[in-house]
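Asks: Could you slot chain S onto chain X? The hints should help.
Here the protein sequences line up with chains X and S, keeping their order. Numbering-wise, the first sequence is residues 1 to 114 according to the numbering used here. Numbering-wise, the second sequence is residues 1 to 111 according to the numbering used here.
In case anyone wonders, no lab produced these hints; they're calculated from the structure. Hints are not guaranteed to be accurate.
If you only want the chain X side, here are some residues facing chain S, beta carbon under 8 Å, derived [to be verified]: (1) 8; (2) 24; (3) 40; (4) 42; (5) 90; (6) 101; (7) 106; (8) 107.
Remember, predicted model here, so these are calculated numbers, not experimental data. Using N, Cα and C, we set each Cβ at its ideal position, and we do this for glycine too.
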Amino acid sequence: DGGITQSPKYLFRKEGQNVTLSCEQNLNHDAMYWYRQDPGQGLRLIYYSQIVNDFQKGDIAEGYSVSREKKESFPLTVTSAQKNPTAFYLCASSSGHSTPGEQFFGPGTRLTVL
Amino acid sequence: RKEVEQDPGPFNVPEGATVAFNCTYSNSASQSFFWYRQDCRKEPKLLMSVYSSGNEDGRFTAQLNRASQYISLLIRDSKLSDSATYLCVVNEPAAGNKLTFGGGTRVLVKP
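Looking at chain X on its own, in the form it has when it is part of the complex (with noise of 0.2 Å):
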């Protein structure tokens, strides 16, 4: 079955760590994307990508990385940097065959910090 996985479903971390969070499509989708909702607010995008190799700041990039080395991965990472990073991590993909403005979401990773 094609899909968007995500791993780990809940990330507890320190104050002070670094942390990644993984996203994977086998939809050989070209653009993917990274959001975060905070309860009760709309999804703020993190940093999305167009293509391998290449990737683009969002609305709320700072405190935050992406790599793009293969088109199938798309993970972020958390950084120290990152003020309040306690929230709901989403990761999306889509091409440019699906329903323009579609994009397909995985299951998303709570991140807590203790």
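Replies: Frame of chain X, contents of chain S only:
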């Protein structure tokens, strides 16, 4: 002002009733509009696109008013399974096809 604004609700709806809610957007250059559905603690999924002429998909009707910069979603004959948060989403091709999400409107359908 937020780029995409929604009434957070919740809208408490008796089963079988009709519910409608709006979303306003600030960028008059926005090109495409969508409704996504998000169940509690799950990922969002595309519900329907919103076309200028208005469109219907079963019990769901979406409309766009460009002059007043809002879109609407109407749900007829509400089912218990319609309980979810509905996210208004605006696509901006000039910004690399970026999607901007509203905060969502929560709908609770009760027996």
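Asks: Now tell me if each hint is right for this structure.
Replies: Here is what the structure says about each hint:
1. 8: Not OK, violated: residue 8 of chain X not within 8 Å of chain S, min 15 Å.
2. 24: Interface hint status for residue 24 of chain X: violated (15 Å vs cutoff 8 Å).
3. 40: Since chain S brings a Cβ to about 6 Å from residue 40 of chain X, closer than 8 Å, the hint holds.
4. 42: Since chain S brings a Cβ to about 4 Å from residue 42 of chain X, closer than 8 Å, the hint holds.
5. 90: holds (6 Å)
6. 101: Status holds, d = 4 Å.
7. 106: OK, holds: residue 106 of chain X within 8 Å of chain S, min 6 Å.
8. 107: holds (6 Å)
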